[in-house]
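Peer 1: The residues making up each chain are set out below.
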Amino acid sequence: MLELNHIHLDFPNHPNVLDDITLQADGGALIGLVAPNGMGKTTLLKVILNRLHPSQGQVKLFEQGYTSQAQTRKNHALICAFPEQNDLYGDLSGRAHLQFYADCWQNHTKSVATIIADLNMGHYVDQPTRTYSLGMKQRLCFAMVMAANPPVMLLDEVMNGLDPLNVALISAQLRALRAEGKLIILVSHLLNNLQTYVDRTIFLKDGHFVLDLDAHATPAQYLKFTGAADVVPGATAYTDQLNVVPLAEVAGETVGSWAQALFAANVPFTVGPLSLEEQFSHFYGQTEEQA
Amino acid sequence: MKALFRLNWQLVTHTRRNLWVILVVVLVAAGFVPAAQAQGLGDFTHSALMTKDTIKAAYQQVNRYVTPEQPQVRQTGQVLDQAWSAANVMYLGGAMDDAFNVRDGMTRLGAALVAGDRSGYPGLVELALPNRAAGRRLQLVSQWLIAQDQPVQRRVADSASALAQFVPLAMLCLPFLLVVVMADGWLTTARHASIQAAVPVGLPVQAAVALAVRSGLAVLAIAGAMGLVIGGGALVGGLGALRYPFTLSLGARLTAVPMWVNPVVLLTQTLLVSSFVGSLMLLLNSWCHNVWLGLVLGWGVVSVPLVFPAIAHWAWLPLAGLTPQAIMTGAVQNDGGNWALGLIGADGIMLLWSAGLLGWFAWRTQRLAR
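Respectively, the protein sequence lines represent chains A and B.
For what it's worth, the numbering used here labels the leading residue of the first sequence as 1, then goes sequentially.
For what it's worth, the numbering used here labels the leading residue of the second sequence as 1, then goes sequentially.
Bound conformation, chain B alone (with noise of 0.2 Å):
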């Protein structure tokens, strides 16, 4: 076993597929602090104009001519314009740099959005309004900030506003790289047999060693991507508030936690995604000894719930768990109108799919070694 466990290290790491992952990735987390801070990636001023600018957008279109007739339309015009004022509100306290006109703004930008939402915007033709999940994030940061008297992170300056960064683009990248790290994880096996199947160890342990090796190096090049930007941001401007809020949604409701368990829930999904990932590409193996070509399919699998989100919907496809950003902001739940399906549920699900692929790739193997 602790063999099996060497020989695969070996091989995960002298790959040089994987060693171009591994710089791809130590490049882009070594230079993700001055990147964001170059692009102005989280500048919470920027953001807060353009939310405002989409609402009075919307609500421009409502009242367009003249004051709505219709109560419902009238409703919805009123509810944007609290909206709008919200939003101008936390805008302006941002550029002022006060603190209290920003968590004021941001709680009742929060509530206008939670009750437009619950509307449905009766009158507006196109909807481009930041949804349900995205107002009961800002009323939960701004509860957050106020319970503790803390300022909103305006820009990335630290190590912890470089984190609330990094961490939702490393989850969207996340099933992509551990596509990559996976490719060849039976194929090492099965291109050469005459190595392995002589080696006194049975096939399903062999697939489970080569899983879990690929899986620690996933996690290791995240852990370590997560130590450059949090270097990074140290450098920069030190810590900052390892406690400051990110919201979660685990369950069926949205919570806020602080940032430190940030790291925890990226990890904790590294390992959950490439179980599922890891048991997709053993199968994928089975069939294509191409790695490039299963690479593809492999791609292609977890592309479908960003070029198709409505599939990643439907609660029993293992899809949603691949998006875990859009799965913790609540997104994915909102656009679905299925708020069962937390973090823990899509998990859960991706799980169950890991089981029953890993069977069917040992039914496959078992019979092919017949």
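In isolation and in its complexed conformation, chain A is listed as follows (with noise of 0.2 Å):
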């Protein structure tokens, strides 16, 4: 459905802001983009959109690249990106926007009006957006993806400006759109709510993908504290204040006699699979961020 083939992008004055980014992905599914404010998640969305142009590689939609104006307004058909909300036109109803991108899309199975009930917009949505709190606006943006209904979308930070109830909403439509066949690729920070629904995670950094996460392969275990490493043999430090002792080849009255250990020592401790936060700042725990 979606290939990106080894992509490098350079900007003026800032190489390798893409630097061989290779993926292949297919419908149903929700991919997680992660990485630190500009380390080029949205260069990357821009670059799958065809807004901006990699200095080598392809971007392919169904096996189509971007060969002609002709062959980019098609693809463009099959591929929706997440508006930002500054955008909205502020005269013009949510409806409105909505009706525009079902229109635009060509969308004649999924009505506005199921979209709007599905979000709970119908008290607001013919109200002109400026009118709208951040929260409203970001529902809609949302929405109008919704309305597209393309086989692909493309969602930048899109719980951003979310209570936790809209976070529940927009999470159980996400899972919704992936069970219908969509190809989802978010960018957010919000990395606990991204864990429970996502099905694979990338991490990008310094242009490259440094780690794709497989949501539904078994993860491995690991005896996770804080404090000081060498309580626990074979111990090191993931990030700052974590240390993980990986549990794959250790035997469980090992782990055990390690807990006693960190117990008596009063240290607190859990075994589980890394988290995507902890991931994010063993990786990202030395960079600044740029943006």
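By construction, these hints were calculated from the structure, which means they are not laboratory data.
Certain hints may be false.
[What the hints assert, rightly or not] Simulated crosslink set (BS3-like; lysine-lysine; CA at most 25 Å straight-line):
no., chain 1, residue 1, chain 2, residue 2
1, A, LYS110, B, LYS2
2, A, LYS74, B, LYS2
3, A, LYS205, A, LYS46
Make the complex out of the two chains shown on their own, each in a separate frame, by following the hints.
Peer 2: See below:
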């Protein structure tokens, strides 16, 4: 469905913004794209949309690259990006925005009325968008992508400005869209939330994919604790505050003895897989945010 | 495509600036007939008196002290004498409601003005006289009226006479109105990039739709205004003489056509001028993202032929087409000494410029998109 083949992109005075990015993804998948600000996530989405042109490599949608203007329009009919809420037309209603996207992408299968009901927008959708709160605008932007109903959806910071109830609401809709066979690439900083529904999480750093986690694979177990690493033999500092020991080849009795030692030393510990937040801190702990 | 049309239509009809413009147009059109009657707009007797007095002043200047000795100046005196005499007949005919004398005076005055303009009025220092185009218009209208045995329109008293006064005014204001309507042609895309850029429609089509919708709004506003003026005139005195003549310079010469052609010409001019103003505003939008600054710049451009009429006489500039009322009456051709430039020529040049501006705009937007 979506192929990125050895994408390379430079900006003036900023080489290797994207460096040899390769990705293959099919429908019915939710892919989380994770990185601190300024690492190239939005740039990558723009490359997928052909709004930025890589110096090397190719983007293909349903095996078709952006080879001509006509093909670009065909590809754009298969993909929709999450609009920025500042770009909404203040004098138009939310319903007008939804109808515009539904008509542009010729969505005849999912009605605007259903989307409005699913996202609890009925009480405000006919008001001009200049009267909306940030959360209402954010829901509208997500609803616009739903109204377009393309096979590929690019959602950049979709959860920004949403309260926990609406985060749960959008999360449920994302699962439903995946069940319909959509390919959704999601950029989000809410890693705990992301972890609950993504099929795959990709970490982007220095223009590369540094980690590609399959959420359906059995995760490796770790003993995780804070404080001095030398309390447990073989423990390494995973982040500034977290030490880990992989437990894949460690006998249960040994794990028990380590746990006793930690307990005796009054050191809090847990056993389990590494969370996205812990891995994020591991990869980007030393990275200064650029944006 | 249909979705883009609908979105643009919603945008232009929800923009407060456009709503104000429409309100002003409606108020002006609705109040036009009563205002024209109160102000004596189109009062034939008054304008005949003004013409007569102007000619009289010129005549007195040439024959100030004694009969001129130079043959050329003497000839000017004779022409002005004929013109003054004809203007007197026309004025008195109007005052006495004598249709025959009015038409006779118009015919003679027209001939005298054409002859005088051809000679250049030697000996006359200040020229404020009606020019050759005005003389030719008088001849054409009087010939038509005589052939049809119609009386002259003496004041705004019905739909036809109201239209005759409204259309030139509308043509004068047209480019300014179009600048306001077209002011955000590309800003609605440029300022809302993440919404429009993802749409599976190319930028040229988006620009064409923005231009077409705004032109459509302008045409509707002008058509609605004319409807109100016609309705207002009809309420006062019925439809009137829809075959009353007005003069028009399509090509190299003036011709008389019936009054019902007037609205068609105005609507056609609205479309043609909007193509130029729309292209200009698209290009200005690609540089300047401030709608008000763009509006001032646009008004600056369309003001040039009014503030500096001599510049509009340069045939290869698109400016003459921005004063369609002056082209229609032959004023621009007369003043510029270029009778090849009729409405068709001026509009053709304007369309060529529109195509050039659109090409420039397309090149800029494609370059910015990269």
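Peer 1: It remains to establish, for every hint, whether it holds in the given structure.
Peer 2: Right, here's what the structure says about each hint:
no., hint, result
1, LYS110/A to LYS2/B, "holds, 19 Å"
2, LYS74/A to LYS2/B, "holds, 17 Å"
3, LYS205/A to LYS46/A, "holds, 17 Å"
Every hint from the earlier list agrees with this structure, and none is contradicted.
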